[in-house]
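J.: Sequence:
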Amino acid sequence: MTASASRITVYAVLAAAITAGVLCLLGRDPSPAPLPGPHIAVAPAPQHGARPHGTVVGTRESAQQVADSAIEGTVGPGGRRPDLTPLPVRAFKGPIAAYRVYAAARARVMARQVGALASAIRAGDRTAARRDWQAAYATYMRIGAAYGALGDLDDAIDGRDRGLHRIERGLWTGERTSALAAPARELERDVARLPHALRTGEITPLDYATRAHEILEDAQRDQVSGIAPQWSGAGVLATAADLSATRVVIATLRRVLAGRGDALGQSYTRMAQLGAVLRRIHRDHGDWPPLNRLTRTEHERLTGTLGATLETLSALPGTLETTLPPVIPRIR
Numbered sequence: 001m002t003a004s005a006s007r008i009t010v011y012a013v014l015a016a017a018i019t020a021g022v023l024c025l026l027g028r029d030p031s032p033a034p035l036p037g038p039h040i041a042v043a044p045a046p047q048h049g050a051r052p053h054g055t056v057v058g059t060r061e062s063a064q065q066v067a068d069s070a071i072e073g074t075v076g077p078g079g080r081r082p083d084l085t086p087l088p089v090r091a092f093k094g095p096i097a098a099y100r101v102y103a104a105a106r107a108r109v110m111a112r113q114v115g116a117l118a119s120a121i122r123a124g125d126r127t128a129a130r131r132d133w134q135a136a137y138a139t140y141m142r143i144g145a146a147y148g149a150l151g152d153l154d155d156a157i158d159g160r161d162r163g164l165h166r167i168e169r170g171l172w173t174g175e176r177t178s179a180l181a182a183p184a185r186e187l188e189r190d191v192a193r194l195p196h197a198l199r200t201g202e203i204t205p206l207d208y209a210t211r212a213h214e215i216l217e218d219a220q221r222d223q224v225s226g227i228a229p230q231w232s233g234a235g236v237l238a239t240a241a242d243l244s245a246t247r248v249v250i251a252t253l254r255r256v257l258a259g260r261g262d263a264l265g266q267s268y269t270r271m272a273q274l275g276a277v278l279r280r281i282h283r284d285h286g287d288w289p290p291l292n293r294l295t296r297t298e299h300e301r302l303t304g305t306l307g308a309t310l311e312t313l314s315a316l317p318g319t320l321e322t323t324l325p326p327v328i329p330r331i332r
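Here the sequence shown stands for residues 1 to 332, numbered as in our numbering.
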């Protein structure tokens with residue numbers, strides 16, 4: 001072996017060792033402490049009779065290994081294999097199943113909260129009704145990833161002038177509480193259908209991979225802007241709930257993301273920063289303040305950190321691709 005070849009071999013071994021060390025570091029979860037308020041963490045995968053960490057259901061291989069096997073002999077754009085081979089669709093079976101369990105549990109919590117809301121409305125207790133409305137709204141935001149699978153039910157619960165927002169408008173504009181009794185009963189009926197819809201609604205791997213970024217994108221567009229909770233001003237509360245939902249989705253995808261670049265570690269770092277900003281707001285105000293009570297500095301810090309978090313999370317859908325990117329023909 002020549003001296004040049006020996007050096008190349010040494011460099012390759014060193015590179016492999018460094019890569020392995022980095023992946024081990026990314027395996028340690030830097031997820032921040034939960035935000036104030038209700039939060040359900042996704043239970044860890046069973047350890048008894050378990051497959052090696054990171055394996056795909058039905059195999060003893062990691063998601064990356066299964067993807068590599070599936071794409072063996074194929075090429076990507078320009079005749080080159082992509083840096084990250086597409087994942088098999090079955091890699092998402094476990095994450096989506098874990099999410100459904102979590103979401104159905106949140107829906108049952110919401111049903112109790114909406115029941116309390118309806119009772120407060122019937123009693124004419126506007127203060128209690130506002131408090132119960134905020135609790136139910138935050139829980140619905142924590143469900144997070146299933147809105148595309150709910151069809152008309154999502155609009156019935158969270159539509160612009162229906163469900164939660166119809167009641168919100170009445171509670172914060174001085175409308176008689178008696179006029180809200182019928183919308184509250186309708187909301188109770190709709191929320192009662194939610195657990196079944198969450199267990200059975202179609203959630204594709206593409207949809208689920210997109211939600212890891214899209215939930216907080218919606219928070220930026222609707223919540224921090226004040227468009228969605230426009231009467232209560234509950235955008236900060238809703239953004240905190242959206243962050244919790246995003247954490248849940250990414251937690252279910254940790255094993256799938258393991259070994260596929262550094263998107264997972266960077267995402268946890270950014271989410272920790274956003275969580276710290278939200279906790280500081282909650283601490284300084286003693287509660288989740290309406291948007292109009294944020295100082296200019298608080299609002300700028302929140303929007304800036306949210307934007308940086310979204311920029312990092314935008315890498316996740318590409319990291320979770322299940323198909324090769326299209327080959328773009330050359331222009332002759």
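Mixed in with the good hints, there may be bad ones.
SDA-like mimics (lysine to any residue), calculated; alpha carbons at most 25 Å apart, straight line [stated by the list, open to error]: (1) Lys-93 - Gly-265; (2) Lys-93 - Asp-154; (3) Lys-93 - Arg-131; (4) Lys-93 - Thr-204.
If you anchor each label on the Cβ, the simulated ranges turn out as follows [stated by the list, open to error]: (5) Val-89 - Asp-125: 45 to 51 Å; (6) Arg-301 - Arg-189: 39 to 45 Å; (7) Thr-173 - Ser-119: 17 to 23 Å.
Because the hints were derived from the structure by calculation, they are not lab data. This one's a predicted model, so the numbers in the text were calculated from it and none came from an experiment. Using N, Cα and C, we set each Cβ at its ideal position, and we do this for glycine too.
J.: Work down the list of hints and note, for each, if the structure agrees.
T.: Verification of the supplied hints:
1. Lys-93 - Gly-265: This hinted pair holds, its Cα atoms lying about 22 Å apart.
2. Lys-93 - Asp-154: Distance ~23 Å between Lys-93 and Asp-154 Cα, so the pair holds.
3. Lys-93 - Arg-131: 37 Å, violated
4. Lys-93 - Thr-204: 9 Å, holds
5. Val-89 - Asp-125: 45 to 51 Å: 50 Å, holds
6. Arg-301 - Arg-189: 39 to 45 Å: Between Arg-301 and Arg-189, where Cβ atoms are some 41 Å apart, the hint holds.
7. Thr-173 - Ser-119: 17 to 23 Å: Holds, since Thr-173 and Ser-119 (Cβ atoms, about 21 Å apart) stay within the stated range.
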